[in-house]
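Novice: What follows is the residue order along each chain.
There are 4 protein chains.
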Amino acid sequence: MALRAVAFVCSLKPSPASSSSELIARQLLDELSAYDVGGEIVRVVDHDVRPGVENDMGNGDAWPRLRQKILDADIFILSTPTWVGHMSSVAQRVLERLDAALSDTDDADRPILFDKVALAAVVGNEDGAHKIVADLFQALNDTGFTIPAQGCTYWNGEAMQGGDYNDLDDTPDAVKSANSMAVRNAAHLAQLLRSNAYPAK
Amino acid sequence: MALRAVAFVCSLKPSPASSSSELIARQLLDELSAYDVGGEIVRVVDHDVRPGVENDMGNGDAWPRLRQKILDADIFILSTPTWVGHMSSVAQRVLERLDAALSDTDDADRPILFDKVALAAVVGNEDGAHKIVADLFQALNDTGFTIPAQGCTYWNGEAMQGGDYNDLDDTPDAVKSANSMAVRNAAHLAQLLRSNAYPAK
Amino acid sequence: MALRAVAFVCSLKPSPASSSSELIARQLLDELSAYDVGGEIVRVVDHDVRPGVENDMGNGDAWPRLRQKILDADIFILSTPTWVGHMSSVAQRVLERLDAALSDTDDADRPILFDKVALAAVVGNEDGAHKIVADLFQALNDTGFTIPAQGCTYWNGEAMQGGDYNDLDDTPDAVKSANSMAVRNAAHLAQLLRSNAYPAK
Amino acid sequence: MALRAVAFVCSLKPSPASSSSELIARQLLDELSAYDVGGEIVRVVDHDVRPGVENDMGNGDAWPRLRQKILDADIFILSTPTWVGHMSSVAQRVLERLDAALSDTDDADRPILFDKVALAAVVGNEDGAHKIVADLFQALNDTGFTIPAQGCTYWNGEAMQGGDYNDLDDTPDAVKSANSMAVRNAAHLAQLLRSNAYPAK
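Residue numbers (this note's numbering), protein chains in the order written: chain A, 1 to 201; chain B, 1 to 201; chain C, 1 to 201; chain D, 1 to 201.
Just so you know, these hints were derived from the structure itself, not from any lab.
Everything numeric in this text was worked out from a predicted model, so none of it was measured.
Careful: at least some of the hints might be erroneous.
[As the list claims (entries may be wrong)] List time: in silico BS3-like cross-link candidates among lysine-lysine, alpha-carbon distance up to 30 Å:
1) C/Lys176 <-> C/Lys13
2) C/Lys69 <-> D/Lys13
3) C/Lys69 <-> C/Lys176
4) D/Lys69 <-> D/Lys201
5) D/Lys69 <-> C/Lys13
6) D/Lys176 <-> B/Lys201
7) A/Lys176 <-> C/Lys201
8) B/Lys176 <-> D/Lys201
9) A/Lys176 <-> A/Lys69
10) A/Lys13 <-> B/Lys69
11) D/Lys13 <-> D/Lys176
12) B/Lys69 <-> B/Lys13
13) A/Lys201 <-> C/Lys176
14) D/Lys69 <-> D/Lys13
15) B/Lys13 <-> A/Lys69
Just chain A, with the same shape it has in the complex:
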């Protein structure tokens, strides 16, 4: 069975507004398709994801449906813009909601997010990528995801100059190269873990 990816785009802007974090997520999914990995983008802010740390906060909370998409995937991509040097509030909301997964276990008493691989993607007109990748890796790994070698990609403009990733005439070669590396390693590792699950206690 082919591998599946899902990319959660954490822009502050709802669809159909143009989004740099969606652009880089789409580039990753496009590259993943070359490894026969199917994928889907979720613009998180389009959905009513409630504040809280339960799996279902009720009252039409959209998280249960979004959560299922992560459970169905082998590769989870979290893509976020940079605001005041931090990940967006939408991205942090996703991490908070994933936190409930910490106590959910499968039949072998393992966290339900084991054997899945996570990638981080960060864009912004100002700096913040390294720090946001750090915060994402720590939170996602804690929840159960495995981080493949060089498992991120990013773009930040020169300090104080403005300009967005989706305003660039062309994706810089160095970013293309980071995209390819992250995707290649994620596909490899997800396949390995699909065939060789982490052992139970």
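Position chains B, C and D against the provided structure of chain A, taking the given hints into account.
Specialist: Just chains B, C and D, lined up with the frame of chain A:
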């Protein structure tokens, strides 16, 4: 004229649920009253603060009213719980909305948040206070706030043991002492800046 | 051939002073031996690791010998105390020196640290673990290491109370459990990557 | 009596090697002189600052002399390059050594670093400024420094493109403007605190 404080409590839980971040904010406001500083608490999640980075995102966005409370205050307290080691998504939302203030200037062409003092308060059953204080200071200072000496207070429980700040039988002496220090210095500095505004360019 | 681990202990205190970050590193190595993984501890501050970002800074620089130990290992453990909420200067020095490895490639033109797994261990009387784990994962992953699911362990005391990990009468059960999980997953993943290297471009 | 500033430059390279973090520190000191603030640069790595958290680690430890320069100043500038997205190991060493000052008090039983103002300056060919400023503000404020409004300046190049601050033909206008703002506010606040010390308990 007496100084004014406002505390934005960034719990994920709406009122009237009990909240550790509200408790520590209330303790700070109580201490401020001894310095003749009046104050008010805003439980941010009770209000519909929209995602975005404009002063008013429209459609009933609650931010303009909340923003006015900050503009009317001399001391701004941001109090947040710790989720996955980070500030809450509600706190990050506040920072994103404050970001628009960067380009708003007063009659002397100075950022409108100048001459105001900010304090950070962090609670959580797991660690994260130092990092969250760091992220808060950097963002709030960038927007124009001044940070008084030892301008934070916090409580995190022992690693992996659970337990919340508002479950403690009594506030630990060390936290009381940090509260007092932060408040004393904030009141002093806010008074100084009230009488001696930052110069225009 | 059996797997090998090396733990870099980044205490500020030279041997033979007692060290909490050495204690937790030793606990991880002990657990790894149950998986037939041999290991070694390096107290980094005992060695003259020069500032700089070249593989060899000359003049008796100890890094080339230390670096070889990492190259010879399948599992790299970085263990650090918490100072002012951050990893120690000794830990950051290790990351700076590893940075040179970014441009070193093997015969297949892959970064030389690929197919190796990294674990983070953090201790401190004050909070900081989640942030330090974040900074370590981001830096180590960037250099080429893979992060296994729940690939860290840590202990921080209650806020402002003092007390060190190696002063505890017994290791808390939750920490023991985190140690076991990190080790079990690291051994599994290192074995997988030993047999199934990341593909070349 | 005129105000005094001291800038600790935390480059990994000893003098007389060219240093971007020294360049931006010198720019700040030059601007401060217009406010009649005298200043001095210390290239920290030129001195044998030992690992540890005591005021004097003995054996020729250079910290006591460096520490005195901070005690003699009204404005402390910490300038650091960006390595793997973090402040340099030299900068973190300075923070560790300042940590001992936490328990040193003056005749009024106040922390000895009260009434002093701190600025942060960050440069790097890759992103990291916002995060490093965050980590610096939190640590320096905890030790007793006050952070003036918009109390930092920085430059990071575009992601993955290389190039250093001291390679630029000219300092970008936006950075010049940030330099001026930080300096103007620091001079104002240091003068205020010189005349109006934080109250004792």
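Novice: Are the hints correct? Go through all of them and say.
Specialist: Hints versus structure:
A hinted pair counts as satisfied when its Cα atoms are at most 30 Å apart, and C/Lys176 with C/Lys13 qualifies at roughly 25 Å. Between C/Lys69 and D/Lys13 the alpha-carbon distance is near 26 Å, which keeps this suggested pair within the 30 Å criterion. Restraint check: the Cα-Cα separation between C/Lys69 and C/Lys176 comes to about 27 Å, which is no more than 30 Å; the hinted pair holds. The suggested pairing of D/Lys69 with D/Lys201 holds, with an alpha-carbon distance near 27 Å, which does not exceed 30 Å.
Using a Cα cut-off of 30 Å, the hinted pair D/Lys69 and C/Lys13 holds, with the two alpha carbons roughly 26 Å apart. This hinted pair checks out: D/Lys176 and B/Lys201 have alpha carbons roughly 13 Å apart, not beyond 30 Å. Of the pairs offered as hints, the one joining A/Lys176 and C/Lys201 holds, with about 13 Å between alpha carbons and a cut-off of 30 Å not exceeded. Between B/Lys176 and D/Lys201, the direct Cα distance comes to roughly 13 Å. Compliance with the 30 Å bound is thereby established for this hinted pair.
Taking the CA atoms of A/Lys176 and A/Lys69, the gap is near 27 Å; set against the 30 Å cutoff, the hint holds. A distance of roughly 26 Å separates the Cα atoms of A/Lys13 and B/Lys69; the hinted pair therefore holds under the 30 Å criterion. With a CA separation close to 25 Å, the supplied pair D/Lys13 and D/Lys176 stays within the 30 Å bound. With a CA separation close to 21 Å, the supplied pair B/Lys69 and B/Lys13 stays within the 30 Å bound.
For the hint linking A/Lys201 to C/Lys176, the alpha-carbon distance of about 13 Å falls within 30 Å, and the restraint holds. At most 30 Å may separate the alpha-carbon atoms for a hinted pair to count; D/Lys69 and D/Lys13 meet this at roughly 21 Å. Using a Cα cut-off of 30 Å, the hinted pair B/Lys13 and A/Lys69 holds, with the two alpha carbons roughly 26 Å apart.
The structure meets every hint from the earlier list without exception.
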